[in-house]
Structures are given as C-alpha cells and as structure tokens.
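With chain A held as given, fit chain B onto it using these hints.
Protein sequence lines correspond, in order, to chains A and B. The numbers in the working numbering rise by one with no breaks, and the one at position 185 of the first sequence is 185. The numbers in the working numbering rise by one with no breaks, and the one at position 87 of the second sequence is 87.
Hints listed in this document are in silico derivations from the structure and should not be mistaken for laboratory results. All the given hints hold, so there is nothing to weed out.
Pairwise CB distance ranges (calculated):
1. B/E56 - A/K149: 34 to 44 Å
2. B/A73 - A/T50: 48 to 58 Å
3. A/E43 - B/A73: 51 to 61 Å
4. B/A92 - A/G33: 17 to 27 Å
5. A/N195 - B/K69: 17 to 27 Å
6. A/T50 - B/T4: 26 to 36 Å
7. A/N16 - B/K69: 44 to 54 Å
8. B/D2 - A/T50: 20 to 30 Å
All values reported here derive from a predicted model rather than from experimental measurement. Just so you know, even glycine gets a beta-carbon here, dropped at the ideal spot from N, CA and C.
Below are the chains, spelled out letter by letter.
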Amino acid sequence: MSKGVLLFAFNSPKYNYYEMAVATAKRVNHFLGLPATIVTDSESLPIKQTYQFDNVIMATADKTNFRDWGMWINKGRYRAYELSPYDETILLDTDYMINSDKLLKTFELPTDFCCHDTTSFLMHPEATQEALSTYSFNTLWATVVMFRKTKRAKQIFECLEMVQNNFEHYATMHGFISATFRNDYALSLANRIVNGHTVCKEDAIPWNLLHVGKNTTVYRNTDSEINTEYTVLFDNWSRGKIRKEYLSIKDTDFHVMTKENFMELITYE
Amino acid sequence: MDTTTLITEAKARFSHNSAKAYLKDKYDSKFIVADQAGLWRANLETINFLNSSSDEWVILIDKFDNPVKVLRASLLDKLSSTYKTVMEEWHAEWTMLETKR
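Next up, chain A with everything else stripped away, as it sits in the complex (with noise of 0.2 Å):
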C-alpha cells in the first residue's frame, strides 16, 4: 500500500503557495519520511525548480474565490481523490507546520477517510469550537484529511464538488455568508450528507487541530532547516493596554492561520 502526502499550491497575487509547499514537503519527507505530490498550475510553478516533488500534477486553477485579503484560489480540492497517486493520502494545507511524526497516526486509525473536528488556539485556551452558524453544526476541518482509496471516501469527494457548486444554495440552508467559499463548510456538509446526515465518529481525527489565530505571532527559535522549537508571543488586550504574553513550544505541528507568519518561518529553508 502507497502512502503519501498531496498539496495543492495555486500561488495569487499576495501569496506564494508554491513556496509554502516546498518547505511543507521538506517537512514531510524529513518527519514523515513519505513522498510529497503537488497539484499546481503553470504560473505558480517557478522555472528553477530546487525541490524535487514526488510528482507535479498540473491543474487549472479556479480563480472565482475572494476573501479580505484577496484572491483565495482553494476551490477544486475534491479532485484530490482522483488526482493522488497513493493508496492512503494525507492532504494537507501548505501553511500547516510539521515538527512531529504525529500525522502518521491517522494512517492507523481504524477508518478510511478522516479529519478534525476539534480545534485549540495556542494562547488561547478558552476558545470555543466554530460552528457553520449559530442554527447549524460544528465545522469539520479540511486542514488535514487522510483517506483511502475506498468507495465511501470518493463518495466523500464527490459530494464536496456537488457542495461546492451549490455552494450559496447550503449557505442560505445553514445560515452561513457565501461570498467566499470554504473548504471547511464544504467538507463538513460533504462528510454529514453521506454518512445520511449524522455524526461518524470515526471520521473524526482523535486530537485537535492547534490553530495560531489573531494577535499570536510564532517565532523560530534556531536558524536550523528543520527548527522545532518556537517562541508564541501573544498580545493580550486588557482595559486598552497591550499586555504581552509568551510560550515556548516544541515538537508541535500547527496550522498558522496567517500567510505573513508562515513566510516568516519558512524564510531560511
């Protein structure tokens, strides 16, 4: 059985997901020790190539997705189950940082497609869970999903095409903004719809997905390749002033939430 990992990396105006990939697959290779296959397209793939990807998949990148900041190209994520070469597949998010081997547990959890639907925020403990809307249920998260090659997960996939087409039809059902359209609600609809509307539990990554969210900034504590070890400074809001909070981590895989901080991490590799 082949395992491997999958990213996709369409780059947009503000952001290089090519480059994030790169470093990404670094990890992989170096904490996995598993393959890394990128699907891309041609403007994003640089023409000196210095990592050297399992394979490279070219795709046509759908650019109809805009968020704050810009153009978001992550639309087309449901063709991971036909475009990956692996027999189990870890797809992931190119700005989730890798420092452990923990992912590759999910490869022995007793099912054939899962993902989280749990999340913590370093330096923020109490955070709660995030929900579709106040009326609907608690969003599955598209950050890490691991899947086999079986009949219920590329029905899982194609149900998450099937969403993303009809994307503002679930937005009006459950309550959420359409405008931009997200992996996460779509996975999550996608997941419920063909387990018949409910919960599997096993589709559930059993630990939680550590966000670095809003005023948390992580910083490199060695100029090493493969760093492990961080600096979390956090600027906690109280009574109008700005106190600020630190935390040491290591050995932790985390998904920064904001580009710029991932650059930053990824700067020396």
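Relative to chain A, chain B alone:
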C-alpha cells in the same frame, strides 16, 4: 533578533495558563493507541480494568463507542507502556516550563 532578546525587549510575561493548556493538548493526543481493530486511550481507568481481570479475552467499548473483543494482556501491555512513556515526557516538559517567568 533571537527570541530571548525579543521576549526581553517586548517585556513579555510567560503565560503559565496557556502553557498548561498547550501541554495538556499536546500530550492528550499521545495517549491515543490504535490496537486490535479499536481505538483506545491509555488512561488509568482502562489500564486498571485490564489489570483487574484474569480473562484472556475481554470486550471493551473503544473511543468510537464500538464494542471490541481484545486480547487482554496484549492491550494492557501496550496501554501501560504508552501511559508511562507519555507521562514521563509530559512531566519533564512541564517541569521545564514551570521554571520560566
């Protein structure tokens, strides 16, 4: 700028609450063990139950709420060693972070 200077210049305080939550989150996941077609948590309740029984096979509810028939001694061995290793790592990192100000 190195991170020690950064902390000093920012006059940042070490957040013990966040550190505690971070460590709990980090090590909680390490107690998860997939074995004998079930998913388990290496906690004292499960370990003590497995220890108290003398049967070769026992049926337990796993983390997915499925009843799974397992070889008792084998699961006990796996959960006990996981518990010991993870608790030692957690304690060591906690002790180190406790000294920070």
